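Number of protein chains: 2
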Amino acid sequence: MEDCIFCKIVSGEIPSNKIHESDHVYAFMDISPISKGHCLFIPKVHAEKMHEVADETLSEILIMIKQVINAGVFENYNVLQNNGIIAHQEVKHAHWHLIPKEHSDEGLKLEWKPNKEIEQTRIADKIRANLLFEFE
Amino acid sequence: MEDCIFCKIVSGEIPSNKIHESDHVYAFMDISPISKGHCLFIPKVHAEKMHEVADETLSEILIMIKQVINAGVFENYNVLQNNGIIAHQEVKHAHWHLIPKEHSDEGLKLEWKPNKEIEQTRIADKIRANLLFEFE
Numbered sequence: 001m002e003d004c005i006f007c008k009i010v011s012g013e014i015p016s017n018k019i020h021e022s023d024h025v026y027a028f029m030d031i032s033p034i035s036k037g038h039c040l041f042i043p044k045v046h047a048e049k050m051h052e053v054a055d056e057t058l059s060e061i062l063i064m065i066k067q068v069i070n071a072g073v074f075e076n077y078n079v080l081q082n083n084g085i086i087a088h089q090e091v092k093h094a095h096w097h098l099i100p101k102e103h104s105d106e107g108l109k110l111e112w113k114p115n116k117e118i119e120q121t122r123i124a125d126k127i128r129a130n131l132l133f134e135f136e
Numbered sequence: 001m002e003d004c005i006f007c008k009i010v011s012g013e014i015p016s017n018k019i020h021e022s023d024h025v026y027a028f029m030d031i032s033p034i035s036k037g038h039c040l041f042i043p044k045v046h047a048e049k050m051h052e053v054a055d056e057t058l059s060e061i062l063i064m065i066k067q068v069i070n071a072g073v074f075e076n077y078n079v080l081q082n083n084g085i086i087a088h089q090e091v092k093h094a095h096w097h098l099i100p101k102e103h104s105d106e107g108l109k110l111e112w113k114p115n116k117e118i119e120q121t122r123i124a125d126k127i128r129a130n131l132l133f134e135f136e
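Chains as they are written, first to last, in my numbering: chain A, 1 to 136; chain B, 1 to 136.
Just so you know, these hints were derived from the structure itself, not from any lab.
Copies of one chain are not kept apart here, so a pair can be met inside one copy or by any two copies together.
In silico lysine-lysine, DSS-like type, Cα no more than 30 Å apart, as pairs: (1) Lys36 x Lys116; (2) Lys116 x Lys8; (3) Lys113 x Lys36; (4) Lys44 x Lys8; (5) Lys109 x Lys44; (6) Lys18 x Lys113.
Note that the structure is predicted; figures quoted are calculated from it, not measured.
Build the full structure now, drawing on both the sequences and the hints.
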């Protein structure tokens, strides 16, 4: 897509520190890393959010991330994918972060506030009903 | 694996609010959600960390998450997978969180501190060298 920085990285118009590539996925080092080894995995074909990425691309992504984890010999790490501005998505081209964490004071820091009062029944029913509609 | 709570959920020994299932993946609502619709995707075969999960399982996971995003009609969401205690992994059976975020004051909150001083060259060289050794 025109004016998409990640599309320009895939095409080579903008340089990147490429580490891996498959038919549908391109991987490179993050230039604003939050830990050593922080890298990004993106679909070669533009899609803004994860649910807009083609299945054949999605099926390759985690396998490629696993290969990079093994190649980097990472023991502790987070894999994060953000969709939507309110969910911390900064570039509007779907991307997966691999964030190694060698020490507890680096890398991804989360504020995790579980709340057992959140009503899950209705949304679970909706998901099941729509899945049934779509796949059976 | 004996004494693994997620293995017991897959086998039915511990009940869960199941929403989806494929040959290798099981999906259910999180009982300690951080937002409405927060759910988990786990390999049916035990593996502690993502890089220990079989490729045929990894290839199904994001496709199943996509199906649930579409079924739940989620617009803004995070997909997160944690590996290792220092990286916030709480259950030692690999799992992917799908965390919808309808409002900016709910769901996943991140502390994101990029640091352009982090040295990425050597780790990128190591990843490329090991990938080359493994795949060519």
